[in-house]
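Protein chains in written order, with my numbering: chain H, 1 to 237; chain F, 1 to 295.
If you are wondering where the hints come from, they were derived from the structure by calculation, not from laboratory data.
Note that CB positions come from ideal geometry on N, CA and C, so glycine has one too.
Worth double-checking, as some hints may not be accurate.
Claimed, not checked - Chain H regions said to be covered by chain F (calculated; three or more residues, Cβ under 8 angstroms): (1) 53 to 59; (2) 76 to 88; (3) 117 to 123; (4) 211 to 218.
Claimed, not checked - Derived contacts from chain F toward chain H, CB cut-off under 7 angstroms, selection only: (5) A175; (6) R178; (7) A179; (8) E182; (9) Q188; (10) G191; (11) N193; (12) M197.
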Amino acid sequence: MPDATREILRVADLHAFYGESHVLHGVDFIVSEGELVTLLGRNGAGRTTTLKAVLGLVDRRSGSISVGGAETVALPPHRIARLGIGYCPEERGIFSSLTVEENLLLLPEVGAGGMPLDEIYEMFPNLRGRGATQGTRLSGGEQQMLALARILRTGARLLLLDEITEGLAPVIVQSLGDAIRRLKEHGFTIVMVEQNFRFAAPLADRHYVMEHGRVIEMIRKEELEGKMAALHEYLGV
Amino acid sequence: MSEVFGIPIQAFLGQLLIGLINGSFYAILSLGLAVIFGLLNIINFTHGAQYMMGAFVAWMGLKYLGINYWAALLLSPLVVGLTGVVIERLCLRRLYQLDHLYGLLLTFGLALVVEGLFRQGYGISGLSYPVPKLLQGGENLGFMYLPIYRAWVVVASLVVCFGTWYVIERTKLGAYLRAGTENPRLLQAFGINVPVMVTLTYGFGVALAAFAGVLAAPIYQVNPVMGSNLVIVVFAVVVIGGMGSIFGSIVTGLGLGVVEGLTKVFYPEASAVVVFVIMALVLLVRPAGLFGREA
Numbered sequence: 001m002p003d004a005t006r007e008i009l010r011v012a013d014l015h016a017f018y019g020e021s022h023v024l025h026g027v028d029f030i031v032s033e034g035e036l037v038t039l040l041g042r043n044g045a046g047r048t049t050t051l052k053a054v055l056g057l058v059d060r061r062s063g064s065i066s067v068g069g070a071e072t073v074a075l076p077p078h079r080i081a082r083l084g085i086g087y088c089p090e091e092r093g094i095f096s097s098l099t100v101e102e103n104l105l106l107l108p109e110v111g112a113g114g115m116p117l118d119e120i121y122e123m124f125p126n127l128r129g130r131g132a133t134q135g136t137r138l139s140g141g142e143q144q145m146l147a148l149a150r151i152l153r154t155g156a157r158l159l160l161l162d163e164i165t166e167g168l169a170p171v172i173v174q175s176l177g178d179a180i181r182r183l184k185e186h187g188f189t190i191v192m193v194e195q196n197f198r199f200a201a202p203l204a205d206r207h208y209v210m211e212h213g214r215v216i217e218m219i220r221k222e223e224l225e226g227k228m229a230a231l232h233e234y235l236g237v
Numbered sequence: 001m002s003e004v005f006g007i008p009i010q011a012f013l014g015q016l017l018i019g020l021i022n023g024s025f026y027a028i029l030s031l032g033l034a035v036i037f038g039l040l041n042i043i044n045f046t047h048g049a050q051y052m053m054g055a056f057v058a059w060m061g062l063k064y065l066g067i068n069y070w071a072a073l074l075l076s077p078l079v080v081g082l083t084g085v086v087i088e089r090l091c092l093r094r095l096y097q098l099d100h101l102y103g104l105l106l107t108f109g110l111a112l113v114v115e116g117l118f119r120q121g122y123g124i125s126g127l128s129y130p131v132p133k134l135l136q137g138g139e140n141l142g143f144m145y146l147p148i149y150r151a152w153v154v155v156a157s158l159v160v161c162f163g164t165w166y167v168i169e170r171t172k173l174g175a176y177l178r179a180g181t182e183n184p185r186l187l188q189a190f191g192i193n194v195p196v197m198v199t200l201t202y203g204f205g206v207a208l209a210a211f212a213g214v215l216a217a218p219i220y221q222v223n224p225v226m227g228s229n230l231v232i233v234v235f236a237v238v239v240i241g242g243m244g245s246i247f248g249s250i251v252t253g254l255g256l257g258v259v260e261g262l263t264k265v266f267y268p269e270a271s272a273v274v275v276f277v278i279m280a281l282v283l284l285v286r287p288a289g290l291f292g293r294e295a
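With the sequences and hints as input, model every part of the structure.
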């Protein structure tokens with residue numbers, strides 16, 4: 001059972017840079033074990049950069065990022081991933097020179113108790129029997145499923161998911177929603193960057209609202225209704 | 001039948017064999033360049049010098065330490081590969097974020113330095129390396145005389161080339177390499193130590209060049225500039241095959257060796273330029289090379 005009092009990810013005063021441009025200006029947030037948290041905000045608010053900064057994929061970063069209690073701000077990306085993080089990038093990151101099976105089996109184990117392949121195929125039946133297909137020949141929705149499936153195999157317990165519903169048909173979005181719900185039941189800790197608020201709202205325990213490279217507000221699930229007006233203001237919808 | 005297109009069959013087959021041998025060297029060398037370019041984005045102009053070092057290390061091993069050919073075939077690529085590892089760690093690593101031109105200049109400069117050092121030590125006239133006992137002599141096939149060592153060069157190259165191709169295209173290790181070639185940052189975010197992979201890949205590419213150098217030692221004179229003549233053609237081969245294409249570099253290397261050899265039979269005047277003419281034509285029709293992917 002996940003221990004909701006245990007902090008899996010604690011980000012404090014995080015600054016991140018691409019070359020000379022200063023993108024994050026002191027981001028703070030906390031994610032506890034088994035929680036599903038979203039980062040909301042307009043385009044350019046720094047949500048994707050926040051995920052990348054946690055993984056060490058920005059040019060420079062400062063502040064503190066602790067993953068399961070270990071400080072990672074000075075670690076190279078491959079060491080950070082090994083602490084048990086699974087990453088699903090915005091552009092999905094399916095390797096075109098690898099087959100579906102190679103993509104699925106590529107990632108090294110980063111923790112114990114990864115999901116067995118049977119269970120992965122049960123969750124994403126579209127991937128079954130497609131092993132020899134070139135990774136990027138799959139449809140957009142199937143590629144998204146593959147991008148999720150491959151990180152479940154690794155034993156990662158903290159999943160960083162960037163815009164997984166972007167550009168997908170409603171029926172696919174719905175099945176992704178089912179998958180996320182099941183992952184939550186399995187006790188995964190999830191941080192989602194999501195433009196599709198209607199997809200994220202019923203799944204998430206808490207929402208962090210970002211603006212200009214900072215977290216400006218935290219909204220709990222049960223406060224959501226009362227704060228919808230303010231949220232609309234923040235998101236400009 | 002004793003003639004092919006009016007050419008005596010002995011001459012024809014003789015040139016075909018020479019073409020295959022040259023093609024074997026083109027294939028191993030361009031394969032190394034392709035592997036390095038794929039992952040490091042570095043056009044390794046030191047490749048010719050590293051091929052030469054392979055031959056020299058074998059020669060020095062025999063002369064000073066009594067290391068025989070077979071041991072040299074393993075040890076020389078290892079030693080030269082290690083120098084590659086050092087070069088990657090100390091120099092190349094600093095250039096990945098910069099334009100191709102910087103890597104090209106650095107590796108070209110290194111080639112000049114290395115060749116200069118060997119020239120200083122051993123002069124320009126070639127040193128000879130004996131053919132190992134087991135591979136001396138030849139076989140009379142009836143229609144031509146086949147020197148055993150030359151047949152060995154072709155077979156050994158093919159085994160190494162296709163072994164490399166197999167590892168890259170069909171194994172987990174190769175999957176890491178392909179994924180790293182495509183998106184190194186993402187691969188590292190998945191937990192793979194990409195910097196170490198890059199270092200080892202460069203070392204491996206360099207070791208391939210040195211392996212070719214050892215194979216070449218008993219056929220050609222071992223001398224400090226043996227690589228710089230060869231490497232120009234090899235770069236043309238890489239361009240024709242398509243930068244970074246593994247299979248393309250092997251097939252194009254062998255194919256062009258044969259084309260070059262046959263040109264010597266039919267129109268000897270053109271044999272020195274035929275590869276470059278083909279390169280120009282390929283660039284006109286398929287700028288990414290025969291096997292390259294359009295960017």
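Hint check results:
1. Check on the stretch 53 to 59 of chain H: 3 of its residues sit with their Cβ under 8 angstroms from a Cβ of chain F, so the three-residue criterion for coverage holds.
2. For the stretch 76 to 88 of chain H, the stated coverage by chain F holds: 7 residues have a C-beta nearer than 8 angstroms to a C-beta of that chain, and at least 3 were required.
3. Residue count for the stretch 117 to 123 of chain H with a Cβ under 8 angstroms from a Cβ of chain F: 0. That is fewer than the three needed, and the coverage hint is violated.
4. Counting residues of the stretch 211 to 218 of chain H whose beta carbon lies closer than 8 angstroms to any beta carbon of chain F gives 0, which falls short of the minimum of three for the stated coverage.
5. Checking A175 of chain F against chain H by beta carbon gives a least distance of about 5 angstroms; that is within 7 angstroms, so the hint holds.
6. A cut of 7 angstroms between beta carbons decides the hint on R178 of chain F: the least distance to chain H is about 4 angstroms, and the hint holds.
7. Look at A179 of chain F: its Cβ gets to within about 5 angstroms of chain H, closer than 7 angstroms, so that hint holds up.
8. For E182 of chain F, the shortest C-beta to C-beta distance to chain H is roughly 5 angstroms, which falls under 7 angstroms, so the interface hint holds.
9. With 7 angstroms as the threshold, the beta carbon of Q188 of chain F comes within range of chain H, its nearest partner Cβ sitting at about 4 angstroms, so the hint holds.
10. A least Cβ separation of about 4 angstroms between G191 of chain F and chain H falls short of the 7 angstroms threshold, and the interface hint therefore holds.
11. Taking 7 angstroms as the C-beta cut-off, the interface hint given for N193 of chain F holds, the closest approach to chain H being about 5 angstroms.
12. Contact between M197 of chain F and chain H, as hinted, is not supported at the beta carbon level, the nearest pair being about 10 angstroms apart and thus beyond 7 angstroms.
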